[in-house]
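> Residue numbers (the UniProt record's numbering), protein chains in the order written: chain P, 1 to 336; chain B, 1 to 460.
No lab work stands behind these hints, which were simulated from the structure alone. For every residue, glycine included, the Cβ atom is placed at its ideal position computed from N, Cα and C. One thing to keep in mind: the hints can contain errors.
As the list claims (entries may be wrong) - Which residues of chain P face chain B? A partial, calculated answer using Cβ under 7 Å:
no.: 1; residue: H110
no.: 2; residue: F112
no.: 3; residue: P130
no.: 4; residue: A133
no.: 5; residue: E164
no.: 6; residue: I209
no.: 7; residue: P210
no.: 8; residue: A213
no.: 9; residue: A221
no.: 10; residue: R261
no.: 11; residue: T262
no.: 12; residue: V266
no.: 13; residue: A329
no.: 14; residue: V331
no.: 15; residue: A332
no.: 16; residue: P333
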Amino acid sequence: MSARKTQAKPNVSADELKQYYRDMLLIRRFEEKAGQLYGMGLIGGFCHLYIGQEAVVVGLEATAEEGDKRITTYRDHGHMLACGMDPKGVMAELTGREGGYSRGKGGSMHMFSKEKHFYGGHGIVGANVPLGAGLAFADKYLGNDRVTYTYFGDGAANQGQVYETFNMAALWQLPVIFVIENNQYAMGTSQKRSTSTPDIYTRGAAFGIPGEAVDGMDVLAVRDAGQKAVAHCRSGKGPYILEIKTYRYRGHSMSDPAKYRTREEVQKMREEKDAIEHVRDLLLSGKHATEDDLKAIDKEIKAIVNEAAEFSKDSPEPDPAELWTDIYADVAPQNA
Amino acid sequence: MATEILMPALSPTMEEGTLAKWLVKEGDEVSSGDIIAEIETDKATMEFEAVDEGTIGKILIAEGTEGVKVNTPIAVLLEDGESADDIESAAASPAPQATSDTDADAPSQAAPAKAKAPDAPQPDRSPDWPEGTETRKQTVREAINAALAEEMRADPTVFIMGEEVAEYEGAYKITQGLLDEFGSKRVIDTPITEHGFAGIGVGAAFGGLRPVVEFMTWNFGMQAIDQIINSAAKTLYMSGGQMGCPMVFRGPNGAAARVGAQHSQDYAAWYAHIPGLKVVQPYSASDAKGLLKSAIRDPNPVVFLENEILYGKSFEVPVMDDFTIPFGKARIWREGTDVTIVSFGIGMTYAIEAAEKLAEDGISAEVIDLRTLRPLDYDTVIASVMKTNRCVTVEEGWPVASIGNHISATLMERAFDYLDAPVINCTGKDVPMPYAANLEKLALTSTAEVIEAVRTVTYR
Chain P
1 MSARKTQAKP
11 NVSADELKQY
21 YRDMLLIRRF
31 EEKAGQLYGM
41 GLIGGFCHLY
51 IGQEAVVVGL
61 EATAEEGDKR
71 ITTYRDHGHM
81 LACGMDPKGV
91 MAELTGREGG
101 YSRGKGGSMH
111 MFSKEKHFYG
121 GHGIVGANVP
131 LGAGLAFADK
141 YLGNDRVTYT
151 YFGDGAANQG
161 QVYETFNMAA
171 LWQLPVIFVI
181 ENNQYAMGTS
191 QKRSTSTPDI
201 YTRGAAFGIP
211 GEAVDGMDVL
221 AVRDAGQKAV
231 AHCRSGKGPY
241 ILEIKTYRYR
251 GHSMSDPAKY
261 RTREEVQKMR
271 EEKDAIEHVR
281 DLLLSGKHAT
291 EDDLKAIDKE
301 IKAIVNEAAE
311 FSKDSPEPDP
321 AELWTDIYAD
331 VAPQNA
Chain B
1 MATEILMPAL
11 SPTMEEGTLA
21 KWLVKEGDEV
31 SSGDIIAEIE
41 TDKATMEFEA
51 VDEGTIGKIL
61 IAEGTEGVKV
71 NTPIAVLLED
81 GESADDIESA
91 AASPAPQATS
101 DTDADAPSQA
111 APAKAKAPDA
121 PQPDRSPDWP
131 EGTETRKQTV
141 REAINAALAE
151 EMRADPTVFI
161 MGEEVAEYEG
171 AYKITQGLLD
181 EFGSKRVIDT
191 PITEHGFAGI
201 GVGAAFGGLR
211 PVVEFMTWNF
221 GMQAIDQIIN
231 SAAKTLYMSG
241 GQMGCPMVFR
251 GPNGAAARVG
261 AQHSQDYAAW
271 YAHIPGLKVV
281 QPYSASDAKG
291 LLKSAIRDPN
301 PVVFLENEIL
311 YGKSFEVPVM
321 DDFTIPFGKA
331 RIWREGTDVT
341 IVSFGIGMTY
351 AIEAAEKLAE
361 DGISAEVIDL
371 RTLRPLDYDT
381 VIASVMKTNR
391 CVTVEEGWPV
401 ASIGNHISAT
411 LMERAFDYLD
421 APVINCTGKD
431 VPMPYAANLE
441 KLALTSTAEV
451 IEAVRTVTYR
C-alpha cells in the first residue's frame with residue numbers, strides 16, 4: 001500500500017519496530033474509538049484527534065528516559081498514550097467520568113500525570129511553550145540532566161510568547177526540545193497563508209537555537225532526530241528545535257467540516273505516507289513479522305481500546321461535591 | 001456481530017441533523033476512515049467516516065431525511081462471513097443512550113441560600129504578634145526585602161526573577177542586596193518579556209520550585225495575565241489535584257504619581273475575581289512582611305499587590321525570628337461604634353486619616369484593613385457592621401465590579417437587617433488616569449470623600 005521506498009534501517013531491531021507499530025496503532029484505534037464515542041454523545045465539547053500524527057510522539061518517546069518531562073497543547077491524547085498513561089483513565093476523562101485522569105474535571109484538553117511526568121494538556125495556543133521551558137528551568141536549577149519535550153503546532157509557532165521563550169531558553173541554555181508538530185493547518189488556515197517561513201525551525205537561528213526538519217510520517221526518522229536533540233540538550237548545550245512535518249487526517253476538532261483542503265489531498269497522504277503502514281511494510285518486507293503476528297497485535301490493541309471504552313462508559317460521573325474540590329491545595333501536590 | 005452505524009453528533013451542540021447523502025450503497029465494503037455519508041448540522045455539511053471495517057448490510061435511513069436524532073441507527077455494518085439475515089437481531093437491540101444517567105436526587109450545590117436571621121460571626125481577633133514583642137520602625141520596602149531574604153535563606157527552591165531585580169537591585173530597590181547574598185542562580189534578571197517569563201515561572205513551579213516573579217509594575221503584568229489565570233490558577237483544578245502552582249507574582253500596583261493612564265491602575269478586583277488565586281494587598285510594613293512570607297510558603301499561586309507610594313512609608317514591625325501573618329484575617333486598625341470603614345492597600349491612608357478627623361467631630365469610626373482579598377475575611381466586616389450598622393468602603397480601583405461592590409452585596413445578603421443606611425463605595429473615578437496634577441487628584445478617591453460618605457451614612 002505504501003508507495004514510499006522503505007530504506008534499510010540497520011539501527012532498529014525487530015522488537016523495536018513491533019513496539020512502534022503497536023504504540024502507533026494503539027493511538028490510532030483509541031482515537032477512532034474516541035471519535036465514535038463523540039458521535040454517540042458520550043464525549044462532549046472539543047475533541048481534537050491525533051490520527052495521522054502518531055509517528056511524532058511514538059518516535060520521540062523512544063528517545064526519552066525516566067524523569068524526562070513532556071508538555072503539549074490540546075491535541076494531547078497521543079502524547080498521553082505514548083508516554084504510558086492508562087488508556088482507561090484517558091478515555092474516562094474524555095467522557096467526563098470519575099475514573100478519568102482529572103476525575104472528569106479537565107476533559108480532552110486538560111489531563112496530567114505526575115507519575116509519567118506529563119504536564120498537560122493546555123488549551124491556549126502557545127501558552128504551554130514557556131511552561132515547558134519553565135519545567136526545563138527547574139531541572140537545570142535542581143542540577144539534574146532531565147530534558148523537557150515541549151510540543152506545539154505550526155499555528156502556535158506564530159504566537160509571540162514562543163519567541164520570548166526561544167530567547168530565554170537560548171540565553172539560559174535550558175534543556176528543552178521544542179517540537180513543532182507541523183501538520184500544515186492551523187485549524188483551517190494553511191501554513192502558506194499564515195507563516196512567513198516555509199521551514200519554521202529556521203526561526204531558531206535568530207536566537208542561536210539549532211534545529212532541523214524531520215519527516216514526521218517516518219517513525220524512525222523522528223526517533224533518530226530525537227536522539228540527536230536529546231543528546232544536545234542533555235549535554236548542557238541548551239535548547240533544540242525539531243520541526244516535524246506531519247499531517248492530521250481528521251478535522252481540527254470533531255466539528256470541523258474541513259473545507260479548506262481537498263478530500264484527495266487527505267486521501268493521498270493516507271495512501272502514500274501513512275506512518276503505520278510504513279512500519280507494517282518494514283516488518284513484513286524485513287521478515288520481522290508475519291501477517292499473523294500483526295493480526296495478533298491488532299487484536300490485542302482492539303481489546304485494550306474496547307476495554308478503555310467500556311471503562312469510560314461504566315465509570316460514574318464525578319460526585320457533585322467534586323465541584324468544590326481542588327481549587328486550593330493544602331500542600332503543593334508535586335512536592336508531596 | 002452486525003453492528004449498527006448510528007447518527008453521529010458532529011459538534012458540541014448537535015442534537016439532530018439531516019442525512020444529506022449516502023456515499024455508499026448496500027453491499028459495499030468499507031474500511032476504517034472511508035467516508036460513507038454527508039451529514040448536515042446547523043453549521044456545516046460534514047463528512048462521516050466509517051470506524052469499523054465491514055460490508056454495508058442495510059441502509060436504515062434514506063438520504064435526504066431531515067431531523068434525524070443523534071444516535072438513531074442509520075445503517076447496519078456486517079463483519080466478514082455475516083449475511084443480511086443477521087440484521088434483524090442487530091437492529092432489534094436498543095440504541096445506546098446518548099447521555100449517562102443523571103442522578104436527579106443528587107443534592108444541588110447551587111441551591112439558593114434560604115433567607116434567615118444571620119448569626120453574628122465570631123471573627124479571629126488574636127493579635128498579629130505576642131504582646132510585649134519588641135518592634136522597630138521599618139519601611140514597607142525594607143520589610144518586603146527582608147521577607148524575600150528570609151524565605152530564600154530558609155528554602156533553596158525559592159528564587160526571584162524579573163526585570164532589573166539582580167544587578168540593578170530592583171527598579172524600586174526592593175531586591176537590594178539579594179544578588180550579593182544569593183547569586184545569579186537565584187536572583188535572575190530577565191529580558192523585558194513579561195508574558196514569557198511569567199510562563200517560565202509557572203512551569204518552574206510545576207517542576208518543583210517556588211518562584212517569585214516580580215513585575216516591575218502590575219501594569220506590565222497584564223501582558224502575562226493569561227499565564228496567571230489560565231496556567232497558574234486553574235491547573236490544580238484541571239488536573240484533579242495532581243499538579244499545583246506554588247508561586248508568587250508580585251510588584252507595585254495602582255497609581256503612583258503623574259505617570260498617566262497606562263501606568264496607573266489597581267488590579268485588586270481583577271485578580272480577586274479568579275478562583276484558584278490568592279490575592280494580597282498589604283498596607284503596613286508588618287503586613288507586607290508577614291503576608292509575603294506566608295505567600296512564598298503557600299502551595300497556591302499568590303498575587304501580591306504592592307504600592308509604590310507606600311514603599312517608603314514606615315511602620316512598626318515586630319522583631320521576631322519568623323514572623324508571618326495568615327491569609328484571610330483582616331486587621332482592625334481602630335475600633336469604633338458609629339460606622340465601619342473597610343479598605344485595603346493605599347486606600348487605608350484615606351480611611352485612617354478620615355477616621356481621625358471624624359473623631360474630632362465626635363464620630364467614632366471602626367477602620368478595617370482587609371489585607372487579603374482572596375480569601376476575604378467577611379466575618380470581621382460583618383461583625384463590625386452588626387455593631388455600627390453603617391459601612392463605607394475605600395479603594396483606588398474603578399467603581400464597576402469593585403471590591404466595595406462585592407462587600408456591599410455581601411452585607412445585603414448577610415447583614416441586611418443590621419444596615420441603617422445604604423453602603424457607600426468610595427473608589428477611583430470611572431475614567432482612565434489623567435496626567436495633569438489637578439485631574440489626577442480628582443480621579444483618585446480622597447480623605448474628604450471618605451468623610452463625606454461617612455457623614456451621609458451616619459446622617460451627621
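> Once the shortest beta carbon distance from P/R261 to chain B is found, is it less than 7 Å?
Violated: closest Cβ of chain B sits about 12 Å from P/R261, beyond 7 Å.
> Would the hint on P/T262 stand, with a C-beta cut-off of 7 Å toward chain B?
This hint is violated: P/T262 lies away from chain B, its Cβ roughly 12 Å from the closest one there, beyond 7 Å.
> Would the hint on P/H110 be counted as holding, given a Cβ-Cβ threshold of 7 Å to chain B?
holds, 4 Å
> Does P/A329 pass the interface check with chain B, least Cβ-Cβ distance below 7 Å?
Interface hint status for P/A329: holds (4 Å vs cutoff 7 Å).
> Holds or violated: the hint that P/A213 contacts chain B, with Cβ atoms closer than 7 Å.
violated, 25 Å
> Is the hint on P/P210 kept, meaning its closest Cβ partner in chain B is under 7 Å away?
With a minimum Cβ separation of about 20 Å from chain B (threshold 7 Å), the hint on P/P210 is violated.
> Double-check P/P333 for me: the hint is only fine if its C-beta lies closer than 7 Å to a C-beta in chain B.
holds, 5 Å
> Does P/V266 meet its interface restraint, that is, does its C-beta lie within less than 7 Å of any C-beta in chain B?
With a minimum Cβ separation of about 9 Å from chain B (threshold 7 Å), the hint on P/V266 is violated.
> Using the nearest Cβ pair, does P/V331 come within less than 7 Å of chain B?
Result: holds, 5 Å to nearest chain B Cβ.
> Does P/P130 pass the interface check with chain B, least Cβ-Cβ distance below 7 Å?
holds, 3 Å
> Can you verify the interface hint for P/A221: is its Cβ closer than 7 Å to any Cβ in chain B?
violated, 24 Å
> Against chain B, run the beta carbon of P/F112 and see if the smallest gap drops under 7 Å.
Holds. Min distance 4 Å.
Violated hints for the displayed structure, listed by number in ascending order: 6, 7, 8, 9, 10, 11, 12.
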